[in-house]
Every structure is written in C-alpha cells, then in structure tokens.
Amino acid sequence: MSLDIFLDLLLMLSSLVLAWMSIFSASLFRCIVFFVCLGLLVTIVWGQMGAYDVAIAEAAIGAGITGSILLAALNRIRARGKSEQENK
Amino acid sequence: MFRDIDLEYKGAVIDPKASPLISGLLVAALLFVLIWMLLNHEVHYGEIQHLVDDNLNLSGVSNPVTAVLLNFRAYDTLLELAVLLIAVIAVLPTHDYPAPILQKTAAAEKRLVIIALQRWISPALLLFAGYLLWAGASQPGGAFQAGSLLAGACVLLSQTGSYRINYTSIIARSLLVVGLAAFVAVALALIGFAGNLLNYPTNYAGLIILLIEAGATVSIATALASLYSGLLEPCFFEFNRSAP
Amino acid sequence: MSSALLYSITGVGLFAIGLLGVVLASHIIRKVLALNVMGVGIFMLLIALAKQNAFTIDPLPQAMVLTGIVIAAAGTALALNLMVRLYEIEKTQQDKL
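Quick mapping for you: the protein sequence lines, in order, are chains A, B and C.
Residues in the first sequence are numbered from 516 upward in steps of one, following the numbering used here.
Residues in the second sequence are numbered from 61 upward in steps of one, following the numbering used here.
Residues in the third sequence are numbered from 257 upward in steps of one, following the numbering used here.
If you're looking for bench data, these hints aren't it; they were derived computationally from the structure.
The structure displayed is predicted, hence computed values, not measured ones.
Just so you know, not all the hints are guaranteed correct.
[Stated by the list, open to error] With a Cα cut of at most 25 Å, we get these calculated BS3-like pairs of lysine-lysine:
hint : chain 1 : residue 1 : chain 2 : residue 2
1    : B       : Lys77     : C       : Lys347
2    : B       : Lys70     : C       : Lys352
3    : C       : Lys347    : B       : Lys70
[Unchecked claim] Where chain A lies over chain C, by a calculated footprint (3+ residues, C-beta under 8 Å):
hint : region
4    : 288-295
5    : 300-309
6    : 318-327
[To be verified] Short, incomplete list of chain B residues facing chain C, as computed with Cβ under 7 Å:
hint : residue
7    : Asp66
8    : Gly71
9    : Ala72
10   : Ile74
11   : Pro80
12   : Leu81
13   : Ile82
14   : Leu94
15   : Leu144
16   : Ala150
17   : Phe204
Yeah, the Cβ is synthetic: ideal placement off N, Cα and C, and Gly gets one too.
Chain A on its own, in the form it takes in the complex (with noise of 0.2 Å):
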C-alpha cells in the first residue's frame, strides 16, 4: 500500500473540513479565508490528479481573484456599519 493513499485521504477530509467552515463560522471574514485555503488546497488535488492546466488556473483564479473581489466587497460592508456604530 502506497503512501500516496494517506496523502489523497487527508486531502479529501481537509477539503470537506474547510468547506462546511467557509460557509458556517462565527465571522464572515474567517469564512473568506477558509475559502481561499479551500482554493489553495483543491490546487494541491488538481497536482494530484494530474490536471496541471487546472491547477494554475485555480491557484491564480480560484484563490486570487475571486479571495480579493470577496475581501473587497465585505469591506465595503464593513466601513458603512463601523462608522454607523460610531456615530450612534
């Protein structure tokens, strides 16, 4: 038995781990980035799998740009609520 097998098993138990917590933690900002350590790790499963192309693409796309754009947007959340409280 290889010990490529524990490698892939822990891969897969990370990735669903990460998921139900990107979606369900306490603080939305905790959430965007077990998102962008689920992306980084699915980049590990692609080289695994052998899909090279695939593996760029989600480490640049999947972790980058969409990490950003969703950090972007929850800052523009965030700013208007901050000074709300403040000002109350």
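Let chain A serve as the given structure and place chains B and C on it in line with the hints.
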C-alpha cells in the same frame, strides 16, 4: 428565503426562518443517492480521448488541453470570452471620468512594504505571464493562466495606493475587447478561406492559436482586474490626490 | 477503491455541503461562498471522473473545468456587486428615515 435579505456584518449564521432538520435530511438523502450512483457507475472511457490523441499532431500544439480549448472546442472559448465581457460591462462603474489609464498619485507613508513588494514582483509577474502564454503550446499553461497572473499583478498595483487605473478609458476598453475581436476576426477570415467556422488550416494552426491566445490573455487580465476594481470604494483613490 | 473514486465522492460531498449552505446560511456573502463551494465540488467530480488510470487524464473535462473556473469567478464578482448596490440602496433609505 430571499424576502428579507440579510446584510448585517455581525448577524446570525443560520437563517432563523430556515429549518435545519428538514434541509439536512433532504440534502443527506440527495448525497446518499449520488454516492450510490457513483459506486455503481460503469466506467466507459476512451472514445473521445482516442479522437483527441489521434488528431493532436494536426492541431498545431502538443498540449492536449490547449488543443481542446483553442482548436477542437474553439467555439466554446469564444463564447466564454463573450460571457466574461458581459459580466465586466455589468460591473464597470457607471460614472466615467476622463482620466488617463494610469495615474500616479502621492503615496501614503504607511504603505511602504507593499510598494516595495510591488516594485520587485511586478516585472517578474509580467515575465512569467509571457512565459506561461508561450509555454502553453507544449506544457501546462496557456491564455487563461497567463491572463489571471496578469490580473493578479494589476490587483497588486491597485493595492499600493500610488497608482490609479481607470478601467473606463479608451485604452482599457480596447484592451477588454481585443480578445473577442481577434477571435471573431479569425473566425470570419476562416469562413472566407476554408468555408467552415474555425476550421484552422494545418500549416498555420500553431500561429493562429498563438495570436488568439495573446489577445485572450490581455482581455482576460483586463476583465478580471476591472471586476476587482469595480468593487472598491469610489473614494478609494481620492486620498492624497493632489501630489506635491 | 481507487483514489479517483474517493475524490469523486469528496466532490459530491462538497456539492452537498454547498447546497446546505445556500439553503441555511443567513448573510448573502455566506450564500455566495456556498455557491462557490458547490462549484468546487462539481469541478472535483468532473476531473475525478476524467482520470482513467494512474497516468493518463482525459483533456476534455480539464478544458470544461478551466472554462468553469473563469465563469464562476465572473459570476461571483457580479453577485457581490449586486449585493453592494443593494446595501447602498438600503442605506440611502435608512438615512432618509
């Protein structure tokens, strides 16, 4: 489910009107049905893979994924570029201000680290994107990967705060369109020469693919970077506007 | 059980987690994240089904997943833009009150 939309920053995690029990049971039932279907799935592969392998030397490139994306299924890539352009048009800021595409504003003192990082990394990113575009013909790489790397470089440039990129200027708009325009021009020219849509002649297939990929790289980079920039605050670039 | 079969089961599991998130989560950003998780699950299923043995992988699903990643990012950006516009409309109405 969507009648009152929740936008509270510190709101509840689970919708109070949703019932976790019923949704959990239904999703678990779906999950079991899908896993049962996967375990009893009779694998039959090879039909299309043999077609791709046999015609790979006629396609002009030696990377099978690039051959499928830009030669065998080129129509899908053309439509994908069009869909990306539609998404960007929906997101671009509604007010266009007549500014040049790149403006240098005065940098605030507290962003020194990211400015130093940007100065070191941006040339390397540009070079690596060009390499990915060129190497896509024989190794993993291609237009989408290179374009997204360039988009990451543009996002880094926006984050330094010392450059202001105007994505509604004439240059930016033509960069957005050049990918789709190159693809459609090649398709129309091939209707004239070969009589068929996107039927590349075998001698020039590699060159045609490289031209289309170059246009698509620039287009994808501008599109993804403007998707990011459309979400920043309108006053993001207003600090330190008057440079000394 | 080959590793490709296990990965396809993981892909289906990710799809189910994302579906549960879309139904149950409250904030719009959580729903968007759950949609993206569903997308990642479907990509994993596609590529796991494309792997025939330990050495060769079918190039056609790879091209489909490549297209899917780009379109998913564009769709996420559009959804977040709509959310920001909705937030601004609500804020303007609240300021008028």
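* Failing hints, ascending? -> 12, 13
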